[in-house]
Structures are given as C-alpha cells and as structure tokens.
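S.K.: Based on the sequences and whatever the hints tell you, model everything.
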Amino acid sequence: MTDTTIPAVLAAFSWLDALAVAMILLAWFSIRWLIEHSPDHRPSMGRVMKDYRREWMTQFVTRTPRIFDASVLSSLRQGTTFFASACMIAIGSGLALLGNTERLDTVAEELIAADAPRIVWEIKILFVLLFVTSGFLAFVWSHRLFGYNAIVMASVPNDVTDPTALPRAAKAAEININAARSYNRGLRAVYFAIAALAWLLGPIALIVATVITFVVLWRREFRSNSRSVLIARDLP
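In terms of our numbering, the sequence shown opens at residue 216 and continues consecutively.
Among these hints, one or two may not hold up.
[To be verified] Ranges between beta-carbon positions, derived for each pair:
| id | residue 1 | residue 2 | range |
| --- | --- | --- | --- |
| 1 | L312 | R448 | 49 to 57 Å |
| 2 | S290 | H256 | 30 to 38 Å |
| 3 | T296 | A237 | 50 to 58 Å |
| 4 | E251 | F283 | 23 to 31 Å |
| 5 | S308 | R281 | 20 to 28 Å |
| 6 | I409 | W248 | 18 to 26 Å |
| 7 | V431 | P372 | 40 to 48 Å |
In short, the hints are calculated from the structure, not lab data.
All values reported here derive from a predicted model rather than from experimental measurement.
Virtual Cβ for every residue (Gly too), placed ideally from N, Cα, C.
M.R.: See below:
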C-alpha cells in the first residue's frame, strides 16, 4: 500500500518542485498586479480599454436606436458563457480522471517516475484545477456583471437632456469595466492552467512554461501592436 502520509507526500517532491510552484503562483499574482496597477506613463491594454468603455457609454446616451450597443453587450456575455462552460468541462474531466484510478496509473507511468506515489499525480492535477476553478469563478462573475450592465444601460433615459442620463451611463461604464476585469482575470487563469500542465513533465518544464506564459501576457498587455494602435492619438 502506498504511503500517503504528509511526510511521505512531501518527500515525493523535490525543492525544485517547490520552486516551480512558487514561481507560477508568484507570476500569476504579479502579472495581475502589473496589468491592473500599471503606471500612467505606460498603461496596460486593460487600462487603455477603460477609457474606451467610458467613451462607449457616453456615445451610447446619444445613439438612436441602441441596437448596436445591445449587440456588443450580447457578444461580450457570449464570450464569458463560452469560457465558463469550457472551464466546467475541464473541471469535470479532471475530477473524472482522479476518480479513474486505472487510467490514472497508466498515464502516470508514462509521465512521472514509476515509483512515485499516486498522490503525486493527483496533486499535480488538482493544481491545474486550481487555476481552472479560479477562471470559472471569474467568468461566472463577469457574466453576471455584464447582466447588471445591461439592466443599467436599459435604465438610461432616451432623452439626452434628462439630468440622470449621463450619471447612469457613467455607472454602466464602471460596471462594464468591472465585468471586463473579471473576464481578463479568468483568461489569465486559463493561461496559467495550461502552463501548470507542464508540471506533469517535471519541475523544469513548469518553470519554462511559467516564464513563457508570463512573457506572453506581459507582451500582449504592454508591447502588442494592438496596444500601440489604441494609445495612438486620434486625428483631429
């Protein structure tokens, strides 16, 4: 019988495993902080889009009819629904794999040392599910916020001279921004869940995957061509 006591489980992992896990968790929280608290002189893509979302709601007040705005909001909600559903499928598949001990043993023999206890394999799968679950919760909350956003937008008076029109549009903009923030957090969780899969191949693979994921996310937020287009000054 495999020894699954805490000392035995910890002994199955090396200091390199601990370093790799610490690195990916640090990278996950660090990239979130860098993106959401980027400086004014170098805003991230997320911060740049905040201004466009506020401008959207300002234009929304005077747009008649508002079918276009409803269509855009619907597409945003569909995106959250898709990723939330994908995360649910991934969570179910991971739990099913944990429950299938025969299949687990077969795959484990191909990817990790044959003498490693099954609990090691299970912990690595659960680690991946940690990111997937975080992404699922973020997508669900984002979907709900977009729903709130739709209701607030619907409450904005059609009369631009109404004193409540612009204040309510501003509220809708802030809710939309919060929904987008949760959506982006969910996407980053999916990125790091994919990186966490590399731990199945060993700690070195996890470290490499973490570095690649961090660099890709940083580049897309701070050095992408799309960001350059967004921050360029509009022609007068």
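S.K.: Output the indices of the hints that this structure fails to meet, ascending.
M.R.: 3, 5
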